[in-house]
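Could you put together the complete structure from these sequences and hints?
Single-letter residue listing:
Protein chains: 2
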Amino acid sequence: MVHPATVLAEIDQQFPESLARLFDLLRFPSVGTDPAHAKDCRAAARWLVAELTGMGFKAGLRQTTGQPLVVGSYEPPGGGRLPHILFYGHYDVQPADPLELWTSPPFEPRIRKGKSGKDAIFARGACDDKGQLMTFLEASRCWLKVHGSLPFRLTVMIEGDEEGDTSHIDSFLKANARDFPVDAAFICDTEMWDPRTPAINTRLRGCIGIEVTVKGPKIDLHSGLYGGPVRNPIKVLSAVLAAMHDRRGRITIPGFYDGVKPIPAKLRRQWAGLKFPAKKFLGDVGLAIPAGEQGYSALEQMWARPTAEVNGIFGGYRGVGSKTVLPAEATAKLTFRLVEGQDPVKIRKAFKAFVKDRLPPDCKASFIEDGGDSRGIAVSEDTPWIRAAKAALKDEFGREAVLVGGGFSIPVVESFKTHLKVDSLLVGFSGADDSAHSPNEKYDVDSFRHGTRAWARIIAQFAKE
Amino acid sequence: MVHPATVLAEIDQQFPESLARLFDLLRFPSVGTDPAHAKDCRAAARWLVAELTGMGFKAGLRQTTGQPLVVGSYEPPGGGRLPHILFYGHYDVQPADPLELWTSPPFEPRIRKGKSGKDAIFARGACDDKGQLMTFLEASRCWLKVHGSLPFRLTVMIEGDEEGDTSHIDSFLKANARDFPVDAAFICDTEMWDPRTPAINTRLRGCIGIEVTVKGPKIDLHSGLYGGPVRNPIKVLSAVLAAMHDRRGRITIPGFYDGVKPIPAKLRRQWAGLKFPAKKFLGDVGLAIPAGEQGYSALEQMWARPTAEVNGIFGGYRGVGSKTVLPAEATAKLTFRLVEGQDPVKIRKAFKAFVKDRLPPDCKASFIEDGGDSRGIAVSEDTPWIRAAKAALKDEFGREAVLVGGGFSIPVVESFKTHLKVDSLLVGFSGADDSAHSPNEKYDVDSFRHGTRAWARIIAQFAKE
Chain A
1 MVHPATVLAE
11 IDQQFPESLA
21 RLFDLLRFPS
31 VGTDPAHAKD
41 CRAAARWLVA
51 ELTGMGFKAG
61 LRQTTGQPLV
71 VGSYEPPGGG
81 RLPHILFYGH
91 YDVQPADPLE
101 LWTSPPFEPR
111 IRKGKSGKDA
121 IFARGACDDK
131 GQLMTFLEAS
141 RCWLKVHGSL
151 PFRLTVMIEG
161 DEEGDTSHID
171 SFLKANARDF
181 PVDAAFICDT
191 EMWDPRTPAI
201 NTRLRGCIGI
211 EVTVKGPKID
221 LHSGLYGGPV
231 RNPIKVLSAV
241 LAAMHDRRGR
251 ITIPGFYDGV
261 KPIPAKLRRQ
271 WAGLKFPAKK
281 FLGDVGLAIP
291 AGEQGYSALE
301 QMWARPTAEV
311 NGIFGGYRGV
321 GSKTVLPAEA
331 TAKLTFRLVE
341 GQDPVKIRKA
351 FKAFVKDRLP
361 PDCKASFIED
371 GGDSRGIAVS
381 EDTPWIRAAK
391 AALKDEFGRE
401 AVLVGGGFSI
411 PVVESFKTHL
421 KVDSLLVGFS
431 GADDSAHSPN
441 EKYDVDSFRH
451 GTRAWARIIA
461 QFAKE
Chain B
1 MVHPATVLAE
11 IDQQFPESLA
21 RLFDLLRFPS
31 VGTDPAHAKD
41 CRAAARWLVA
51 ELTGMGFKAG
61 LRQTTGQPLV
71 VGSYEPPGGG
81 RLPHILFYGH
91 YDVQPADPLE
101 LWTSPPFEPR
111 IRKGKSGKDA
121 IFARGACDDK
131 GQLMTFLEAS
141 RCWLKVHGSL
151 PFRLTVMIEG
161 DEEGDTSHID
171 SFLKANARDF
181 PVDAAFICDT
191 EMWDPRTPAI
201 NTRLRGCIGI
211 EVTVKGPKID
221 LHSGLYGGPV
231 RNPIKVLSAV
241 LAAMHDRRGR
251 ITIPGFYDGV
261 KPIPAKLRRQ
271 WAGLKFPAKK
281 FLGDVGLAIP
291 AGEQGYSALE
301 QMWARPTAEV
311 NGIFGGYRGV
321 GSKTVLPAEA
331 TAKLTFRLVE
341 GQDPVKIRKA
351 FKAFVKDRLP
361 PDCKASFIED
371 GGDSRGIAVS
381 EDTPWIRAAK
391 AALKDEFGRE
401 AVLVGGGFSI
411 PVVESFKTHL
421 KVDSLLVGFS
431 GADDSAHSPN
441 EKYDVDSFRH
451 GTRAWARIIA
461 QFAKE
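The listed protein sequences derive, respectively, from chains A and B.
For reference, each letter of the first sequence is one residue, going 1 to 465 in the UniProt record's numbering.
For reference, each letter of the second sequence is one residue, going 1 to 465 in the UniProt record's numbering.
Hints were generated in silico from the structure; no laboratory data involved.
Please note: incorrect hints may appear among the correct ones.
Since the list can't tell identical chains apart, any single copy or any two copies may satisfy a pair.
[What the hints assert, rightly or not] In the DSS-like style, the derived pairs of lysine-lysine whose C-alpha atoms are separated by at most 30 Å in a straight line are:
id : residue 1 : residue 2
1  : K115      : K218
2  : K113      : K280
3  : K215      : K352
4  : K215      : K323
5  : K218      : K323
As structure tokens, then:
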């Protein structure tokens, strides 16, 4: 390992220029889901290509079924024997509305103190993901300036559909996997555990969705005339949904837990050590009593245990007042959060069988498969990338990085796993108070500085004297 | 009893004039719920007042909180010792739209053959209730013409809000009960059992409605971030609804069946003798398997057993596609059909307690009481009115009248019971194919003729030589 001291000094010394570049990127209103901003997305992508080119990368735009994809590649001298890293970020941002809730215009970045009293960069995309992706680019730039070359082959991939349709990048990776013979993916789009404790995310839950409609009588009927002998599909659906969990919060769909591995004891201990304030977490959303699977802490439930959630339900009369209707059908929208080892195809099949087993023979159920199709991910905690990141993060923050999980899915992680056959290293520096997706999104100036310095330290882990 | 032969001959002889008068009444587009037809309602009411006056009644309009109420009273010579009958009908009709589905204009009555091949009067209100109410008025008119006086005191009450807000007549009866010291109410607004078999309705189910909203987290949450430890109100509501019936279709709400009397064995036998085609009844609505309370036939379930029906349900995301939301609340709209002996107030209370017993302590439930508030009615089958009607109907149709029930409520029956303390005699002559409330409503010419003749025979039962 090369000591990163000179690179860190360079980062600090030229930090105003890093900030200026980030501000340039933040000024593009690159809302990927809004066709009115297609030009802005392309402009942001071109700006990134120019930056990468300026850093000595071979860079350009690749066409996808969505927004243009920025791809830059760096080949160090004698690179053939060096590992090949893919760095991933996204230049698209969430829509900025409601605009009236912003203190300063979302695409005119400003530095001012946030609620915590720290200086922060306020702009849409400040943390998600422009500020975060720039930590890596700025670290690479400074490393190159000091040392002339990076200690690995590097492909930078910055997409424009992360906040929208994630199938675009998936299709691209599927079709072009051979162009990316990489050894690992680095992603900077996650949070610190707390303002002083860095985190590496090694677990993400997958998500599959399914909509079920139970059909009973062929038309809506008068509940006075027909009520009694005629089956009510809302009752049938309610019974199915109520049967889906047992008294201990365990999901009763046969085969649902097939392939789910126990949480490693070491990880459970580490998570317990985080002293997650479950009471406050529930209190903040107006609840007091932990629901979910008994025998697991709230963190374990969110990071390492699958769920079956009903996201919506509807059937019969939904207007004001009363209508004595016996409805023809009722629908529920469900999503299942999956953990590593669960097979989305099998789970959907098992759910359908579970519903059909509970249907009276003269009722029918139809299904729409929707709402994601991602597997749960658990990254091995013993890879060179995680070891390097742990060491580097400890040096930068003076604290051990914690291995955390995420209840949500980051679909591109599964795309990398599926199409490029690589694990991702998920390291990020944003804070829980950064208001990603909300008005007044921010990124602390310290997050940007320490993030950049941390990446330099990670790069150093791979450099040989 | 006076033999009705001469009155029946008079009815038949002047039948074209009866038809002409019915046509006059059918020409008023007296849609009670449509303010644009307020004038037409008043005109129909005035026409009825004029008819009653012409028959020798003291008649006029009484003001209600809704449409004007037609009230006519007839006092026979020496009437003090005679029973006092209230005849009830309604001059308001359902809206006629969709107009394009009518073969002839809804307010231009025509006689043509119906699908059954019988001559029928086609018009909105033909059966519901103008044709039916006119059977009684025409019978009374012919009786008066032949005999000079009726064998009972008679108050005719024809309202204009039956298809709309039934609280108007209820309030009126409550406020003016002393003006109507009657012994029984006769209502002509029901069906025959089949085209050849007359029916007397002795049981009506009441109806109460309640909407329940289960509230969990104080805002909608991301089901990836919160799914697991956070309670889902759709699941809570589904569990409540699923628990409301046991495996045998019995309602599990404690106290729900308090006051419900067993169906008299004689009535069960009579209903069984009707050979109700439950299989066809279910088949017609696309079902095959009887649901509801085991141990009871379909007819018993509809006529004499209470139900708990979910008329509507909604919560969370209900748009197209998927949304990974963990919703803050979920709502169900319920109605309970009640039978005689059940107390609506107690049932509502018991349901609320049932819900609350099943709520996790950090969830809340709120309720809206709506959708009717009527008790179930069971008329004694051994009254002079029913005996008279049975004898008269047998004479007219050559078949025993069957005592039937109705799954629905006729709120005015409860109003008569509550405010005037009298039972109602429910006799009607319309057919299941009359399309009440639908386009091409009709009333068979035979229904009108036999109905008129049947009432004459009922009147005869009370006449002394």
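The hints, checked one at a time:
no.: 1; hint: K115 with K218; result: between (57 Å within a copy, 23 Å between copies)
no.: 2; hint: K113 with K280; result: within (26 Å within a copy, 74 Å between copies)
no.: 3; hint: K215 with K352; result: both (14 Å within a copy, 28 Å between copies)
no.: 4; hint: K215 with K323; result: both (19 Å within a copy, 23 Å between copies)
no.: 5; hint: K218 with K323; result: both (18 Å within a copy, 28 Å between copies)
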